[in-house]
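Novice: So the protein lines, in turn, are chains A and B. In terms of this note's numbering, the first sequence opens at residue 1 and continues consecutively. In terms of this note's numbering, the second sequence opens at residue 1 and continues consecutively.
Keep in mind the hints are simulated off the structure, nothing from the lab. Keep in mind that a hint or two might mislead.
[Claimed, not checked] Some chain B residues close to chain A (C-beta under 10 angstroms, calculated; not the full set):
1) Phe352
2) Asp400
3) Phe401
4) Val408
5) Arg437
6) Ala440
[Claimed, not checked] A few chain A positions that, by computed beta-carbon distances, are all more than 12 angstroms from chain B:
7) Ser2
8) Thr4
9) Phe27
10) Gly28
11) Val29
12) Leu39
13) Ala41
14) Ala43
15) Ala44
16) Gly45
17) Thr47
18) Glu67
19) Leu70
20) Ser104
21) Ala106
22) Ser113
[To be verified] The calculated label-pair distances, taken between Cβ atoms and stated as ranges, are:
23) A/Thr40 x B/Ser412: 29 to 35 angstroms
24) B/Gly420 x A/Ala30: 19 to 25 angstroms
25) A/Gly28 x B/Ser382: 51 to 57 angstroms
26) A/Thr40 x B/Glu330: 54 to 60 angstroms
All C-beta atoms in this analysis are idealised placements derived from N, C-alpha and C, irrespective of residue type, glycine included.
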Amino acid sequence: MSATVLVVDDDDDVRSLVALHLTLTGFGVAESDTVDGALTALAAGPTPDLVLTDLNFGADSGQRLVEHCLAIGQPVILMTASVTARELPSPLRDGVAILHKPFSLAELSAAVSAALASGDAP
Amino acid sequence: MMTDQAILDAMSTAFVCLDADGVIVRSNRAFATMVGSALDNLVGASMAMAADYESNRAYFDALALTRADGVTRRVRNASADFHAVFDNVITRAGDLLIVEVTDVSREVRERDRRTELEAAREVVWRRTEEHILAFDLAGGSLLVSDSVRDRWPIAQLEAAMRDGTMLDALSNPHQWSDPWIDETSLFDGRVERAIAEVYTTGIEQRHRTRVPLAPGVARFFDTQLVPWEVEGAVRGVIIVAHDLTQQLRAQRRSIFAAEAINQVLEHLPVEVWDFDLSRGLVTPLFGQGPPGGDHADETVDPQPMSVILSRLAPDAGAKMWGALDRLATEDSVSVQVQSADGGRRLQASFRFVPGAEFDRRRRAVVVITDVTSEVVKAEAESRLGHANHVMRFAQGVAHDFGNVAQVVGGYSEILLQHPGPEIVEMAARSLASAAQRGVAVSRRIAKIAEVQQAVNAPIDLSAVVGSSLPRLRQLVGGRVTVTADCPPGLVGIAEEEQVVSALENLCENAAEAMGRAGTIHIAVAPVASSGGRFVEIAVADDGPGIPDHLLGSVFDPFVTGRPDSGTGLGLYLIQEYLYSAGGTVEVESSPQGATFRLRFPAP
Numbered sequence: 001m002s003a004t005v006l007v008v009d010d011d012d013d014v015r016s017l018v019a020l021h022l023t024l025t026g027f028g029v030a031e032s033d034t035v036d037g038a039l040t041a042l043a044a045g046p047t048p049d050l051v052l053t054d055l056n057f058g059a060d061s062g063q064r065l066v067e068h069c070l071a072i073g074q075p076v077i078l079m080t081a082s083v084t085a086r087e088l089p090s091p092l093r094d095g096v097a098i099l100h101k102p103f104s105l106a107e108l109s110a111a112v113s114a115a116l117a118s119g120d121a122p
Numbered sequence: 001m002m003t004d005q006a007i008l009d010a011m012s013t014a015f016v017c018l019d020a021d022g023v024i025v026r027s028n029r030a031f032a033t034m035v036g037s038a039l040d041n042l043v044g045a046s047m048a049m050a051a052d053y054e055s056n057r058a059y060f061d062a063l064a065l066t067r068a069d070g071v072t073r074r075v076r077n078a079s080a081d082f083h084a085v086f087d088n089v090i091t092r093a094g095d096l097l098i099v100e101v102t103d104v105s106r107e108v109r110e111r112d113r114r115t116e117l118e119a120a121r122e123v124v125w126r127r128t129e130e131h132i133l134a135f136d137l138a139g140g141s142l143l144v145s146d147s148v149r150d151r152w153p154i155a156q157l158e159a160a161m162r163d164g165t166m167l168d169a170l171s172n173p174h175q176w177s178d179p180w181i182d183e184t185s186l187f188d189g190r191v192e193r194a195i196a197e198v199y200t201t202g203i204e205q206r207h208r209t210r211v212p213l214a215p216g217v218a219r220f221f222d223t224q225l226v227p228w229e230v231e232g233a234v235r236g237v238i239i240v241a242h243d244l245t246q247q248l249r250a251q252r253r254s255i256f257a258a259e260a261i262n263q264v265l266e267h268l269p270v271e272v273w274d275f276d277l278s279r280g281l282v283t284p285l286f287g288q289g290p291p292g293g294d295h296a297d298e299t300v301d302p303q304p305m306s307v308i309l310s311r312l313a314p315d316a317g318a319k320m321w322g323a324l325d326r327l328a329t330e331d332s333v334s335v336q337v338q339s340a341d342g343g344r345r346l347q348a349s350f351r352f353v354p355g356a357e358f359d360r361r362r363r364a365v366v367v368i369t370d371v372t373s374e375v376v377k378a379e380a381e382s383r384l385g386h387a388n389h390v391m392r393f394a395q396g397v398a399h400d401f402g403n404v405a406q407v408v409g410g411y412s413e414i415l416l417q418h419p420g421p422e423i424v425e426m427a428a429r430s431l432a433s434a435a436q437r438g439v440a441v442s443r444r445i446a447k448i449a450e451v452q453q454a455v456n457a458p459i460d461l462s463a464v465v466g467s468s469l470p471r472l473r474q475l476v477g478g479r480v481t482v483t484a485d486c487p488p489g490l491v492g493i494a495e496e497e498q499v500v501s502a503l504e505n506l507c508e509n510a511a512e513a514m515g516r517a518g519t520i521h522i523a524v525a526p527v528a529s530s531g532g533r534f535v536e537i538a539v540a541d542d543g544p545g546i547p548d549h550l551l552g553s554v555f556d557p558f559v560t561g562r563p564d565s566g567t568g569l570g571l572y573l574i575q576e577y578l579y580s581a582g583g584t585v586e587v588e589s590s591p592q593g594a595t596f597r598l599r600f601p602a603p
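Throw the hints in and build the complete structure from the sequences for me.
Specialist: Structure below.
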């Protein structure tokens, strides 16, 4: 059974792109355009193997979602267009895999594989 | 001795008859009236009255002695509470004692009062600062009164007067141990001549005398030499010496204090001018004042306003006169101006003085404060703020173009790997959408330059709002009502295109926030604040208001609460425009709706 990824981004074009690529490379994909929607999906289950989330949701922030994932041991990758790591809220600087936008699809695949592998390790 | 009771009662003198045991056997009406309630204390049924005996002991002793030897005795006694004092004449008549009682309470009290008065006067004399000497020159004697009486060796002085050494003594204080005499060296020789003069001319003299006590320490007296006339002839001279030392010291202290305050003020970057608005004249109250003058000790004449203006940059005149005009309707007005050399920033605050209307002049006080350091600090903060602003703007641009590049790059890769028709269509739609976003962002960025280049001039903002209404109503759709309150002729400094653009943006945001149904009210009104006079355009909606977490950052670039996520630049551009036009923009929000207040400077 293929691994599942929850893709969270309020930018329809970016989310669709990521979801399309993951689908084409054999993953099961769920999508959410809000942090609250993603949190609801995580609570309702089934639990995805990986969460891939944007940071900047306009008024909202993906930080909530990332912290929730870290708390429950859910593998997570943060996608952000922030230019430097300094701009990230300090709790996110360490211990979270980060994909800097714009990223190539090869980088996306590599990051997803790495995250899933480390998630399987323990 | 038996006396008819009627005769006794008719007598005005009080009598009482006591038997051998001291018991009253008879008394008359005058006695009863006089003694009254004191009767019990005085005699009583049994003369024993142990409790009060001590206080009346002399009286009882007199009774006993009179009884023994029959000699008439006089004795004073008092009632136990001392409210009444009696004089008693005790006479033996056979077995009886007849006591003639006189109430002397009033006389005793009167005498006590006089004694007290004397004592009080003495105290007052001792405290007075005045010393009075009287010289009886003709009679060759010295008369002394007042507080010094008991301190002066009068006999010695009188002797001195008689043998002519008195005046020598006064001018040679070391002969006298009395400190006051030391001080009255006073009269440091001049007293001799002065006394002689008053004596011969009969004309009163006054002197202010400084009596040095030690280096830097002195006492001061106002001395008054008054001829002492008896039957038209000058018989002597009375000297009244009033000690001014305390008073002068206090005065001096206050002068020192005032000087100290002035010295402090001179080092403060503040000056205060009195401004006669009806004549356009200024008078320095304190501070620097007109250049080149020390005005501490002289009265300064009012001077024309140009005295102040000559020290300021050329454009200060228009600002200051503008501020003065506004004092006609406002109590206080502040303007910021530069010094003539441009090196200092000064704040001129004009405050109307209401009470001055009594003299039919309109008066104001002008406080000029050097605010250079504050302004420099504010400018530094502003630069820092601008740097943050630029940083956030750069982040926002990077984010938006990052997303565009992400979509373009990603779909290009997918198209290369999966060139099927299904993918092509999906990719083409997303690529077109990304391209549109790129265009929108670049247009908005271009607008920032436009905002900065706006040509602001006085325009009728009421008219601008009025003429925009049809366009705004069309923009927000039929379910949103747009009302406006724009009194004619409110002129602000702005550019019409920017104002209309701001109104469109605010109405579009409001309509979106209200779910495309509700009321938007636009009000134009003049407002005054510490920053000056403005014309305000307030755009209020009755939507749900702005979420608290967004309220602080609505004007930041790339912040948007709209689900269709415009570019997040609309309010930022409005703010940029208003700042560049010298105005302000503020937002208020409650669950009943949000209000944006755009303030344009009034001309």
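Novice: State the violated hints by number, sorted upward, taking the hints as numbered earlier in the document.
Specialist: Failing hints, ascending: 1, 6, 20 and 21.
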